[in-house]
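Q: One letter stands for each residue in the lines below.
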Amino acid sequence: MDNTTTSPNIGLKLKRFTSPDHPEVNFAQAEKGIKAWLTTIDHKKIGLMYLGSIAFFFFIGGLLALLLRWELWTPAKTFLDADAYNQVFTLHGAIMIFLVLVPSVPAALGNFFLPIMVGAKDVAFPRLNLLSFYIYLTGAFFSLYSIVTGAIDTGWTFYTPYSAQTSASVVSMTFGVFVLGFSSILTGLNFIVTIHKLRVPGLTWGKLPLFLWSIYATSVIQILATPVLAITLLLLIMERTLKIGIFDPTLGGDPVLYQHFFWFYSHPAVYIMILPGFGVISEIIGIFSKRRVFGYWFIALSSMAIALMGFLVWGHHMFVSGQSTLSSVVFSLITFFVGIPTGIKIFNWVATMYKGSISLRTPMWYALMFLFLFTIGGFTGVTLGTLSVDVHLHDTYYVVAHFHYVMMGGMLVAFLGGIHLWWPKMTGRMYNEKLANLSALLIFIGFNMTFFTQFILGAKGMPRRYYHYIDQFQSLHQFSTVGSWVIGLGFSIMLFYLLKSLGKKGVIAPKNPWGGRSLEWMTQTPPVMENFDYTPVVIHGPYDFHKPIAEFEYGIEGSDSHGHDHNSEQHDNKHSVNA
Amino acid sequence: MAHSSNSNLAHHFVDSEQQFDASKMGMWIFLVTEILFFGGLFAAYIIYRAWYPELYIMASSQLNTTMGAINTGVLILSSLTMALSIWSAQNNDRKKTTIFLAVTIICAIIFMIIKYFEYTHKFHLGIFPGAYYTFTGIDHVKAPQFFSIYYMMTGLHGIHVIIGVGLMIWLVIKNQKQAFSSSYYTPIEIVGLYWHVVDIIWIFLFPLLYLID
Amino acid sequence: MDKLGSIFLPPAKSTIAGEVDALFNFITGTSLLILVAIMAVVIFLLIKYRRKSDDDVTSLNDHNTALEIVWSIIPVFLVIYVFYRGFTDYIKIGTAPDDAYEIQVIGQKWNWTFKYANGNTSPNELHVPAGRPVKLVMQSRDVLHSFYIPDYRVKHDVIPGRYTTLWFEALEPGESTVFCTEYCGTSHSDMMAKVIVHSGEDFDKWLKESGGRPSDMPLAEYGKQLYSKSGCQTCHSIDGSKLVGPSYKGAFGSTHTFADGTSAVVDENYIKNSILNPNAQVVAGYAPVMPTYQGILSNDDIDAIIEFIKELK
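These protein sequences, in sequence, are chains A, B and C.
According to my numbering, the residues represented by the first sequence are 3 to 581, in order.
According to my numbering, the residues represented by the second sequence are 428 to 640, in order.
According to my numbering, the residues represented by the third sequence are 9 to 321, in order.
Hints are not guaranteed to be accurate.
Here are the simulated DSS-like pairs of lysine-lysine, each with C-alpha atoms no more than 27 Å apart in a straight line [claimed, not checked]:
no., chain 1, residue 1, chain 2, residue 2
1, A, K513, C, K250
2, C, K213, C, K232
3, C, K232, C, K143
4, A, K436, C, K56
5, C, K56, A, K462
6, A, K37, A, K436
7, C, K56, A, K79
8, A, K79, C, K213
9, C, K213, A, K462
10, C, K143, C, K237
11, A, K79, C, K100
12, C, K237, A, K462
13, C, K232, C, K216
14, A, K462, A, K513
15, C, K100, C, K143
16, C, K257, C, K280
17, A, K37, A, K209
18, C, K143, A, K79
19, C, K56, A, K549
20, A, K549, C, K232
21, C, K216, C, K123
22, C, K250, C, K318
23, C, K237, C, K100
24, A, K79, A, K502
25, A, K209, B, K451
26, A, K436, A, K15
27, C, K202, A, K79
28, C, K213, C, K143
29, A, K357, C, K56
30, A, K436, C, K123
31, A, K209, A, K462
32, C, K237, C, K123
33, C, K321, A, K357
34, A, K549, A, K436
35, C, K257, A, K462
36, C, K257, C, K213
Don't read these hints as lab results, they were simulated from the structure.
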């Protein structure tokens with residue numbers, strides 16, 4: 003193909019825009035200094051600030067986990083007393099869910115890459131984006147402030163009446179989470195509008211990378227579910243301060259009602275905490291198998307279906323809560339049907355590898371880890387969704403193991419895969435792959451040591467949130483604790499090689515080290531402030547690896563998708579191409 | 428409209444139309460979250476009313492239906508004047524835009540004043556939320572419950588009215604500084620959308636709380 | 009399948025446990041099979057289709073309707089089967105037989121009390137007959153708790169302001185443990201009780217004899233039994249160490265100072281009042297978290313505890 007062409011469907015005259023790997027002034031160099039970062043409206047910097055914050059809170063949550071597991075080395079007190087232990091597990095859960103997992107992929111990777119992948123210069127509302135980040139920090143502050151004023155021990159679920167009556171700083175923590183909810187909502191809002199309105203010519207819904215479909219589905223859940231958490235927490239705060247009597251039976255309220263309200267958000271929330279991971283896995287497996295992802299439309303539309311159907315199953319957290327048998331039966335039935343599309347996605351990803359050209363680089367190792375760990379998490383979810391078996395397993399370590407397999411072994415592993423996939427693009431540097439693979443291996447081994455053991459503990463009858471346990475469980479607990487140290491080691495190595503790559507001796511990365519075809523691989527590395535010096539026009543799909551990279555570098559001059567003069571009077575009266 | 432002189436067009440949008448469409452879509456999505464936020468309270472209302480139907484009928488008689496009805500009329504009027512201010516902006520009539528915005532603000536303030544009288548009357552009787560309830564005029568053990576929900580729903584709604592007033596005052600100031608015209612009135616449009624939802628929420632609150640006796 | 013189960017599960021000591029285990033084993037076994045199959049396919053593909061050069065040509069085929077239908081339908085059938093078995097067993101678990109023997113359960117922070125039809129109360133010990141269905145009618149006096157007997161595969165939340173029920177039939181005489189399994193505060197993990205399964209006759213005998221203190225047992229000795237069984241030992245030590253509540257060692261005859269500055273001598277009345285109205289006078293430096301034993305300990309029980317405490321110099 004020569005350097006000009008005409009795009010099909012739109013009839014625009016296109017030019018090829020090749021650029022050298024590295025720009026003269028990348029986005030980090032375009033505005034310098036701390037003030038520039040703190041007041042930026044550039045989505046890439048905001049994404050990196052989120053990434054740094056999330057990594058920091060993950061580190062804190064992880065330390066709390068190590069502390070917890072160390073205390074569980076012996077059945078009686080090891081070094082923490084009961085109240086401290088109960089506070090540690092509550093804080094660990096609240097931090098990991100609200101400060102790490104819920105924002106994770108969307109706020110860090112989504113912010114950085116969504117605009118680039120649709121060919122835009124930024125998200126639809128850049129200032130709102132910066133506001134979302136500061137709302138996130140504010141929410142984090144109030145949540146963590148509770149440690150100082152009276153750390154709570156209610157568990158991250160804040161069940162009433164205990165949470166309504168205890169003297170700890172429930173208001174500080176729940177207000178913090180309330181505020182965090184707004185960050186989540188505004189991010190989701192921004193992403194939906196961006197995907198609808200800011201796509202460049204040629205980028206039809208069917209050519210969107212699956213990462214964007216997953217972010218879109220996640221954003222829909224964030225919009226619909228988070229407000230319900232907000233009102234639930236507001237009601238809990240009112241219960242504590244004004245004693246309104248909605249959840250506390252001593253005031254005339256109903257404690258089971260709280261659980262319904264809470265899980266109405268928190269079940270969809272777990273889909274917020276996995277769908278983006280699915281998106282990352284699709285990208286990685288596509289690129290490293292050099293093949294179109296098998297069943298593109300199935301994956302795209304089933305993500306939307308899961309997002310919506312996820313609102314119908316909250317009662318599967320409440321099979322022994324006292325809700326009616328009929329409710330339990332209905333919730334169990336729907337739960338199974340929501341699980342099936344997810345399982346089929348696993349088959350789709352494996353099928354993508356068939357007759358592909360598989361390259362085993364670090365991101366692909368993470369994707370393979372994901373397939374194994376998430377499948378276990380998924381099957382154990384089926385086990386828990388089975389009514390009779392759940393009676394035995396509910397509120398035991400089996401549940402703890404299940405959700406760590408899906409949230410940590412699933413979402414977090416996918417997040418790490420995404421970080422290793424896009425690290426060269428974000429930072430312009432390449433990390434030491436040998437160390438990266440070693441770190442991944444340690445995390446994998448440590449993870450299974452820590453959490454597979456907990457399936458056994460739970461099925462044997464070890465309840466969760468237990469400070470003391472009966473003697474016969476000690477060897478299993480000790481094995482699990484050793485596993486946590488192996489995980490810790492793995493992450494320490496990761497911190498080391500990632501930071502080292504950013505230093506003076508860090509290896510510079512080319513602009514497309516993996517041979518991807520979606521728009522982010524066509525930008526320079528790191529990208530310039532406005533992402534592209536031209537308006538990209540999309541001709542092929544994001545997984546069309548059989549087409550040469552040159553055919554993905556087409557576009558039109560300037561920043562107008564219509565391809566005509568901004569000075570024209572008729573300009574503003576024309577319909578946008580991207581309706 | 429030359430691009431270089433269109434300072435209302437943010438750098439990442441291709442043209443004003445894309446920006447306008449995006450802004451409207453953003454506000455609609457935000458309003459969906461507001462509906463779900465209040466939806467939780469409506470759900471609590473439905474559940475507690477299903478459990479204590481006689482309480483709700485008894486307690487509702489403590490609410491002043493006349494004042495509630497006036498407030499309903501006032502808000503509906505304010506939605507009309509809000510729409511008219513947008514229409515004026517679309518017709519490049521700066522003066523009328525401000526006038527209609529001002530009338531809308533006045534309606535909202537009337538609403539809050541009537542609310543103030545309603546609340547203080549209740550406080551005078553000892554009808555406070557939750558544990559502070561001391562009224563003895565309703566013969567039902569769960570009486571405080573109804574009023575807790577009443578105060579939460581109307582209180583939260585009232586906060587949204589106040590926020591709306593703040594936004595409209597900002598619009599008036601900006602309009603007087605000639606920031607808006609027929610080619611750029613997006614902020615008025617999206618505040619208008621917000622205001623209509625605040626109105627609609629009240630239209631559901633009013634019959635559910637006031638008209639069940 | 010059974011061997012698999014025994015790695016994971018406790019002994020099956022109730023009539024429903026075997027069925028629950030069978031379903032658990034089926035799901036776990038099938039999952040394991042599918043997981044191994046998927047991993048085998050993945051490993052095979054990794055080897056057969058490893059990248060040989062940067063110019064490898066890959067398949068453009070991203071669709072196979074027949075395959076997609078098969079791998080959608082089979083899970084649907086498996087899932088319907090598992091759901092159905094879970095559902096039928098759940099109904100069984102939730103439906104107590106009409107002739108079940110009823111026992112009242114009171115859960116509070118942090119102990120369990122069991123009350124029998126003949127008025128007997130047994131703190132932290134649930135006595136049941138083997139081979140007969142037993143139905144527990146449960147309530148909480150404060151926050152949410154949950155009553156869980158792993159050996160029997162039964163569990164249900166215990167709620168304040170509402171009764172909930174749970175039933176089981178123990179297969180044979182023996183002992184099992186009850187755990188609280190809904191987080192309820194500091195000593196949530198200490199809130200355990202014992203299930204003591206008697207043979208039919210032994211149970212009737214126990215019921216007759218367990219009406220409080222055996223007539224030939226001295227008060228202080230019975231008081232010592234109550235100290236451990238009624239949950240006192242969770243919060244009050246007898247060796248002087250400070251736990252959730254003040255130690256009993258040397259307490260009788262001493263003066264306690266309360267949070268409001270007043271004080272009182274620890275005598276018989278003080279002890280009785282502390283058991284029935286614990287939060288009326290809270291010793292300075294301790295939290296007001298003791299639950300009342302009104303309706304749980306009889307007057308004779310309280311007398312026995314007083315005598316026991318008197319002996320702890």
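Q: Check each numbered hint from earlier against the structure, then list the numbers of those it violates in ascending order.
A: When the structure is compared with the hints, numbers 1, 3, 5, 6, 7, 8, 9, 11, 14, 17, 18, 20, 23, 24, 26, 30, 31, 33, 34, 35, 36 turn out to be violated.
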